Amino acid sequence: MGARRVGTLEATVDWLLTDSRSLSFPEETLFFALTTKRNKGARYIPDLYERGVRNFVLSQEDFDEWSKETGDGRMETGDVDSTLTSDFQLSTFNFQLSTKQGLSAFNFLIVSNPLKALQKLAEQHREQFQIPVIGITGSNGKTIVKEWLHQLLSPDRIIVRSPRSYNSQIGVPLSVWQMNEEAELAIFEAGISEMGEMRALANMIKPSIGILTNIGGAHQENFFSLQEKCMEKLSLFKNCDVVIYNADNELISNCVAKSMLTAREIAWSCKDAERPLYISKILKKEDHTVISYRYLEMDNTFCIPFIDDASIENSLNCLAACLYLMMPADQITERMVRLEPVAMRLEVKEGKQGCILINDSYNSDLASLDIALDFLVRRSEAKGMKRTLILSDILETGQSTTTLYRKVAQLVQSRGIEKIIGVGPEICSSAARFDMEKYFFHTTDELMASELLNGLHNEVILIKGSRAFNFDLVSDALELKVHETILEVNLGAMVANLNHYRAMLRPETKMVCMVKASAYGAGSYEIAKTLQEHRVDYLAVAVADEGAELRKAGITSSIIIMDPELTSFKTMFDYKLEPEVYNFHLLDALVKAAEKEGITNFPVHIKLDTGMHRLGFAEGDVPLLIRRLKNQNALIPRSVFSHFVGSDSPQFDAFTRQQIEIFERASVELQRAFPHKILRHICNTAGIERFPGAQFDMVRLGIGLYGVSPIDNSVINNVSTLKTTILQIRDVAAEDTVGYSRKGHLERPSRIAAIPIGYADGLNRHLGCGHAYCLVNGKKAPYVGNICMDVCMIDVTGIDCQEGDPAIIFGDDLPITVLSDVLDTIPYEVLTSVSTRVKRVYYQD
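In terms of the UniProt record's numbering, the sequence shown opens at residue 1 and continues consecutively.
No lab work stands behind these hints: they were computed from the structure.
Just so we're clear, the structure is a prediction, and the values are computed from it rather than from any experiment.
Warning: the hint list may mix true and false statements.
[Stated by the list, open to error] Each computed DSBU-like pair below joins lysine-lysine, with the alpha-carbon atoms no more than 30 angstroms apart: (1) 677 / 630; (2) 596 / 630; (3) 592 / 552; (4) 743 / 780; (5) 552 / 516; (6) 596 / 576; (7) 284 / 258; (8) 386 / 552; (9) 570 / 596; (10) 576 / 552; (11) 576 / 516; (12) 419 / 352; (13) 419 / 386; (14) 592 / 570; (15) 576 / 677; (16) 592 / 516; (17) 576 / 37; (18) 510 / 116; (19) 516 / 407; (20) 352 / 284; (21) 120 / 37; (22) 630 / 570; (23) 40 / 116; (24) 839 / 386; (25) 407 / 419; (26) 284 / 677.
Go ahead and model the full structure; you've got the sequences and the hints to work with.
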């Protein structure tokens, strides 16, 4: 890596670590102290050292912050009174570096840039292997193509592949690091979000086979045009032997021609019979698609168990790769028909008897087990619940059973798993390696026939199995089924929205994230937990009870109470919840209550009224406010803020600028009166985007966090999907009516479906009588008649569906803004109206 070594400890490195929370094997770990716009990995070195890590990669700048080199080459700690003590918390970090013993206790690898060093290490590791490597890039479908190729090719060869969607500047080196002597093929994804990023990924992956899935609008904000994005993605293939792509896509074909790649092309086409791979026929049937093709003058046919266009396109990319790798046509036909859907997420569900289920049937290998166990630990640590793992045999790793399950046992032990339920002959033969409460079964049927699952209670259970073991049966048996209607919450999409707005901020600007009203209906704990993991500076709720519940659930982030009540002071003091203060009556009462409790310097947030005229101190109140604050020591102003009235609309820009001017004057006056730093914030979600000059010290992110732009109601990354299932379908004659008060007038013989969602679940009655629709198998199904309390009816005439099929109320393909526009309201109202009786299911891509 071109590093300078400080320290003399002999060590073997098997694991690379970039996130201190994901530590498994400290003695064999090399930690890369990455620096981002908002955080420094070096601040976690003391904690990692205490936990047993001895090998670190950090920048010269970070190293110099807390240590200096003496003339004889030994190390001394820096001045503990310097600012780095508060920044890096080094008061407990005593390596005794000035002694010989200290130098033999660690290894520091000093580099100019730890991320570049990580990538350089991956490059060097990649050079050790001469096996075929498939590199996949594109806007969509990368993970599905990767997983389907694994399903198609793994019976014949040992494959290393990216875990989940590890396709970023950090994810790719961690993926490449998995390459080992047993591997016969590697498959890696490469994802980029701006120009110039692909070069580093290409140097690490060095693919011999390239697949470009498609080009779409994802991350388009950082590219001048789709052509520019396509050319950047194609740079992954500069040294490939073969490149696979859709020749019917004019954009891609033109860019391939311009890129002057030297690789052979397998450009498949449904239109041009002269292309190397000609798709002569695509026949969609009820539940499968038959595809005929010609390759090297040979005609063949295969079938896939999907009918959507995306799956067809993904299968053709897989077909081209299999043909290039000389898989016989009969094997392709045999295996294509058995392709299984790719569940690209870890789902968190409520289980029976107080259990929480984490369902991960995505893939089963050591890397994905490590990721899933990390997810389990983070979801269980605050709840104090027993950690249980249900694990099947891990198939097709190329490692001996002894080696594999020694590593599995070590990993499970390091994650604090207290109970393991193993399924499969191989894991059964290794049962003695697991030193914990344990139960083993040779088959899933054997497990299901036992009474063991019925005895699980108050446990966080990770269900992790290879597809052949049908662990869906296990998940189904453990899941608490209360209501057929659920709200799916995509935590990964929420994080993408967070980063979308963070990218608009200066590195030093702090952020408050709004999780009031149960996180806009999404469920406050899981949202708050995820935001805490991504180190937002503050969370904000409406009332103290909301904040207390988060504290009880283990949320430690700073929490602002936006609407404090006089009866809630004790709750705020007990749970360290920081109230806003908006008038003198509240201020006096809060001071009196704090003094009675013997509290000093309790942080509060001063609210100014700059034009909203709802709550807040007027500009003219500031001198008196300063005097009142300075004449007591129970409270201390932590921040001062105000609310924009119309930052989302250009027609109010003059008024918004006036608000900024008032806030500037009043907040400066308040700051001058106190020696400590008082944070200033006025920007809401729209203000972040439209008034970057008004960021001050902090901003507040609300509706944008949940995927809706307040400026034009466009969807950024959809977070919440409300869905239900069809209970019953009946044929109704044209002269009949449907629902209460005979409001559902039919104009034709119709198929009417009943779905278990009504206004008690948050489905507004004004959407009924044909004013809106839901989606059934991708088709619009209008609401018929009045929406009832618990059920409503939809028209599915002409839609290929049956009882038990899903119905999407809002989600990725039916934006919530469609509903809010019909109701002449805002997306906030629709989101927060989803009833608490609707089960929330959380997942992470």
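Hints and how they fare:
Annotation: proposed proximity of residue 677 to residue 630 holds, straight-line Cα distance about 15 angstroms (limit 30 angstroms). Distance check on the hinted pair: residue 596 and residue 630 sit about 18 angstroms apart at the alpha-carbon level, within 30 angstroms; holds. The straight-line distance between the Cα atoms of residue 592 and residue 552 is roughly 26 angstroms, inside the 30 angstroms bound, and the hint therefore holds. This hinted pair checks out: residue 743 and residue 780 have alpha carbons roughly 20 angstroms apart, not beyond 30 angstroms.
Among the hinted pairs, residue 552 with residue 516 is consistent with the structure: their alpha-carbon atoms are about 16 angstroms apart, no more than 30 angstroms. The suggested pairing of residue 596 with residue 576 holds, with an alpha-carbon distance near 16 angstroms, which does not exceed 30 angstroms. Note on residue 284 and residue 258: the hinted pairing is violated, with a Cα-Cα distance of about 35 angstroms set against a maximum of 30 angstroms. Taking the CA atoms of residue 386 and residue 552, the gap is about 17 angstroms. The hint holds against a cut of 30 angstroms.
Taking the CA atoms of residue 570 and residue 596, the gap is about 10 angstroms. The hint holds against a cut of 30 angstroms. At most 30 angstroms may separate the alpha-carbon atoms for a hinted pair to count; residue 576 and residue 552 meet this at roughly 12 angstroms. Note on residue 576 and residue 516: the hinted pairing holds, with a Cα-Cα distance of about 17 angstroms set against a maximum of 30 angstroms. Restraint check: the Cα-Cα separation between residue 419 and residue 352 comes to about 17 angstroms, which is no more than 30 angstroms; the hinted pair holds.
Note on residue 419 and residue 386: the hinted pairing holds, with a Cα-Cα distance of about 8 angstroms set against a maximum of 30 angstroms. Using a Cα cut-off of 30 angstroms, the hinted pair residue 592 and residue 570 holds, with the two alpha carbons roughly 12 angstroms apart. For the hint pairing residue 576 with residue 677, the CA-to-CA distance comes to about 20 angstroms; that is within 30 angstroms, so the pair holds. Restraint check for residue 592 and residue 516: the C-alpha separation of about 27 angstroms stays at or below 30 angstroms, so the hint holds.
Simply put, residue 576 and residue 37 have alpha-carbon atoms about 28 angstroms apart, close enough for the 30 angstroms limit, and the pair holds. Restraint check for residue 510 and residue 116: satisfied, since their Cα atoms lie roughly 27 angstroms apart, inside the 30 angstroms limit. Between residue 516 and residue 407 the alpha-carbon distance is near 43 angstroms, which puts this suggested pair outside the 30 angstroms criterion. As the CA atoms of residue 352 and residue 284 are separated by approximately 40 angstroms, the hinted pair breaks the 30 angstroms bound.
Of the pairs offered as hints, the one joining residue 120 and residue 37 holds, with about 22 angstroms between alpha carbons and a cut-off of 30 angstroms not exceeded. For the given pair, residue 630 sits about 23 angstroms from residue 570 by alpha-carbon distance, which is consistent with the 30 angstroms threshold. Between residue 40 and residue 116, the direct Cα distance comes to roughly 15 angstroms. Compliance with the 30 angstroms bound is thereby established for this hinted pair. The hinted pair formed by residue 839 and residue 386 meets the criterion: a straight-line CA distance of about 23 angstroms does not exceed 30 angstroms.
A C-alpha spacing of about 17 angstroms is found between residue 407 and residue 419, which places the hinted pair at or below 30 angstroms, so the restraint holds. The hinted pair formed by residue 284 and residue 677 fails the criterion: a straight-line CA distance of about 65 angstroms is larger than 30 angstroms.
Taken one by one, the earlier hints fail for this structure at numbers 7, 19, 20 and 26, listed in ascending order.
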